[in-house]
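These are the residues of each chain, in order.
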Amino acid sequence: MTANIQVARSGGRLWQGLTLQQKQVVWAWGFLAVPILFYGLIRFYPTVEAFVISTTNWNLMNSPSFVGLANFKRLMADPVFWQVFRNTFLYLIIGTPFSLVLAFTIAYHLDRVRFMHGFIRALYFLPFLTTATAMAWVWRWFYQPVPIGLINDVISSLGFSQQPFLRSTTQALPAVLAPAIWAGLGFQVVIFLAGLRAIPTTYYEAARIDGVSDFAILRKITLPLLKPTIIFLVVFSSIGFLRIFDQVYNMTSGDPGGPLNATKPLVLMIYQTAFSSFDMGYAAAQTVVLFLVLLCVSLLQLRLLRDR
Amino acid sequence: MAGIAIEKLVKRYGTTQVVHGIDLTIEDGEFVVFVGPSGCGKSTTLRMIAGLEDINDGTISIGDRIVNRLEPKERNIAMVFQNYAIYPHMSVAENIAFGLYTAKLDKAQKRKRVEEVAEVLGLTPLLERRPSALSGGQRQRVAIGRAMVRDPAVFLFDEPLSNLDAQLRAQMRLEIKRLHQRLGTTIVFVTHDQVEAMTLADRIVVMRDGHILQVGAPMELYEKPADVFTARFIGSPTMNVVPAKATAEAGRSALQLGEAPIAWPAALPEDVLVGVRPQELRVLGQGEGADLVLSGTVAVVEPLGPETFVHVEAEGGLLLASASAKNPPAVGSAVRLGSPASALRLFDAKSERAL
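In order, the protein sequences belong to chains A and B.
To convert a position in the first sequence, counted from 1, into this note's numbering, add 57.
To convert a position in the second sequence, counted from 1, into this note's numbering, add 10.
Check before you lean on any hint, since a few could be wrong.
[As the list claims (entries may be wrong)] Chain B regions said to be covered by chain A (calculated; three or more residues, Cβ under 8 angstroms):
(1) 95-105
(2) 108-118
(3) 230-243
[As the list claims (entries may be wrong)] Keeping only pairs whose Cα atoms sit at most 27 angstroms apart, straight-line, the calculated DSSO-like set for lysine-lysine is:
(4) Lys-83/B - Lys-277/A
(5) Lys-114/B - Lys-277/A
(6) Lys-117/B - Lys-277/A
(7) Lys-83/B - Lys-255/B
(8) Lys-277/A - Lys-122/B
(9) Lys-120/B - Lys-277/A
Note that these hints are calculated values from the structure, not bench results.
Nothing here was measured: the structure is a model prediction, and the numbers come from that model.
The beta carbon of each residue, even a glycine, is placed where N, CA and C say it ideally should be.
Same shape as in the complex, but just chain B (with noise of 0.2 angstroms):
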């Protein structure tokens, strides 16, 4: 078991920099999620800490050792594959048994490590089976097998759930959440997926372009986003982002924002940005009023059943919202959304950071 601590961390593909110096701490036994869209570096920043790419500059320490310069199987890490790399001509026995090919331990005790790890995972009735007669949550659980049968320090896992279906994933999640909780080991997950990241991770860290956005608890994140990107990626459906004149008067900031004037306890810059999650604008009733006010004509509706979210044309765009499931607003009615000023995010027009 250890901590992995990342200083200065620079990946350079030729003159492309794909990493940008990230700086990160992950305690002993923590679950951290990397996530971000493709190519902002979080798979490259993993293959590093497995020693699958080199590193440019900066450190990374696993327990106490700097291991820049270790090849793979000296960091006592494992790792599980997206396509899960599994071996297509080893049956599931032989596959777990080849993540101990070189330790040092007689054929009984290899085959009772196996046997234990396939005892966990559910895999006992497939171990003689080979891989092409797995489904794939099968397949990816021998993936884990074949890492956990080391005992490694870390686990890292790079978009290990993103080739299976909905369902299937959802079930995966809970499988790896409850395997954390059983071995308490760290583990470093990947994903694109910012629902496996809020499911699963203790923290999250947000990544883009090689830089580190925000790092924090799935609900602090969703909370208190550091920044527009922050704050559109994480939760679904995503934020509504509305541009928004602020004013200033008499040392009292306002927001010019509805239909009325919203006032603002802080000082604001002139533009900023406005986000309101769906689940936090209504749709008003006749007479009911709210902190914020705006007005527009239903364009979609969808039913999802303990909810609707509608979309509605209005001044600041397309938004969505949500109506009462049992009576949702027609299609081309006009409406009135509202939300509470509490749950108003400001963000910086210009930096897009939080105010």
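In isolation and in its complexed conformation, chain A is listed as follows (with noise of 0.2 angstroms):
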């Protein structure tokens, strides 16, 4: 017995102090520290940063001098800006309702499908998995015009005339769209998939018994128990639409941006400013206004979509 008591204190007297539930407490932390620290340091420090840098003028070179609220008042009087903010909503309110309501639309099917189950979601994940450069290149050579690009070589020789697409100013951007939604599409399908696999098969039965229509099956049970799923999704790709920039600097490359910035999002405008023109203060003023948008905006659809 006394062996055993003097084995069990050997741990030393500070550790044998606490209580359990203080020493799990310990350990937690132990753990938490190593991607707190990460993230202090790599995330969230440069983002406190671009909160002061905002407010300062700085070229690299020289040091930042405080303006005050300077970058803000260009930025608001910048027609560029409203421009690059119209573009950056119109990606958002077009994208997210219609690439979630294709991927439903997929999911909701291929559920339903036996064969070839597998390979068919793998065809529709495959893009999500390509990177994004890759995908935007192919995607400029369809637009093309003939005799190379795809597209203009299906249109005209059905006999329309070919459609200018990314030379275009009203059809810059939904050319441009297109290739997001697609390369988003598979990641939504699996994950749309999993939803729907999660609603026991019996909520389905009980309702075909009391003979609700497929319609009324999908609006009243499937619909509302995917909730969480919705949710998820819709503000996921919200913030990957806010955010949107590989796609569209890869696609319009030469004239990054678009005939007259019909193409260029948020995230563009500020990263020609920082490296392209250095104008750090003003680059960081808008990465401001695209934190507070995001932010905004996910608050807000967390906030609808809640269960009430």
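Join the two chains, each given in its own frame, into one complex according to the hints.
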């Protein structure tokens, strides 16, 4: 007995003095410390720094000089900013609903397909694994005029006139959005499929016995029970579309942002201001605006979609 | 209200046949319980009656209509599932009203029907609650309510009590039985629990491996089981089954088992199985005798209050017998077990059918 007690106490007096719960807390913080340090240093510190830089004038060479809210005033008066702001929201309000409805429709039907189910799902998921740059350049080629571009080849062989796509101020934005939607589709389909699979089949069987139509089952049972999945995908894809960059940058690389800034999103404007014009203060101010927009949109969506 | 007629019903999954051409007639207003071990085809049969599974061969009629190709909703049935299948995003009232989704009633009439059903099931104070705020028994009542609200010709229950704890199960059993007495609707009930089958059924259908072994009233199955499986499945604790030899001398059959041969009025095959229920195999007192007497050593004693069961190591294997609750034998002591000849049930050792 005495020997056992000696062994048990050998862990050190301080550690032995802690209750079981206190020991768990020590372990928990021990493990959490590494990611907290990493995120603090790599993510949160620069985020806070961006707020500070947004109030300065800094071209990387001189030392930053404090200018107050001058950068934000300049931004409000900049017509390019408002064009970019409009583009960013177009990406959001076209991209999110369109991609989600499309992904849900595919997932809803794919869920009922047994034949080659895994293969078809893999086909939808494949673009998600492909680099955005490679995809953007392939789509760029699709959009070329005759005789190079695939889409125009098809259109003209059917007897219609060619479309300018990326060269048009009205068509460029949807033309850039299409591959962006396509690229994210696989992910959304897979998440929707998982959500659909999680609904017990007896719910559907009970509804069938009650004689409820397929459409009513969809509206009254499937969609309400998919709500957590839908909330996740709405927020996730909204953030994605608000931050759209690589598709646009790569598809319009000769003239980044498209004709008359027709496709330029906020992130591309930030990139150009920071790394072409080296106007760091102004770029940081734009970043702060983007941050606030993302914050507001996400909070708004969570609030609207939350369970009442 | 309607009866059900099943004729030569067959179900196959690919090449595996799970229901082998069963025949059964269920009278209008009857409470029939399908019982059997898992995989015996009882749930599949129920789902074929419901229209949730296709029928490969044979026919099912509800009332006087063959329903093989009818959609579930056209069969005028209602079903209660093991996991209740009540919708978590709807209140109790909405869940019950969902059974009326396609009914041609106006809002007020639907509301009235829901309230009537809630009244019967004692759900009135819970109508505005969400299922997550209900106990297991209350959820099951909501599921029954959703089935009742449509006033169907037949109720189908698919192991509805399996997810409840023992006490609640006994209570819900009582409620379902009273509901049947009150509504008088035909009920087909599937369970693997023989106690549920015995207590609820007008008639029990014992199934195994896709075949019906026996159909009969609960006491009929208990008293005259058609085979060893039914004999062991019905009744608790399980019936003792001991192998024995039968002899015939001068046209008189005798059973060679225990201390002395037992004379038997009917002719017997050479190898038989003798079944005796634990309640009818008693630990004998000093000098007491019986038609069948077996001796052995007490291995385990299980007091249950009104009676005590003892597991006895005997020549035929481990036997379960009953002893007096007041004065049970000690573990390790030698005992003699006795049973009257009238309590013995004989089965053919080869076919396992009753003799």
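Are there hints from earlier that the structure breaks, and if so, what are their numbers? Going through the list in order, the structure violates hints 3, 7 and respects the others.
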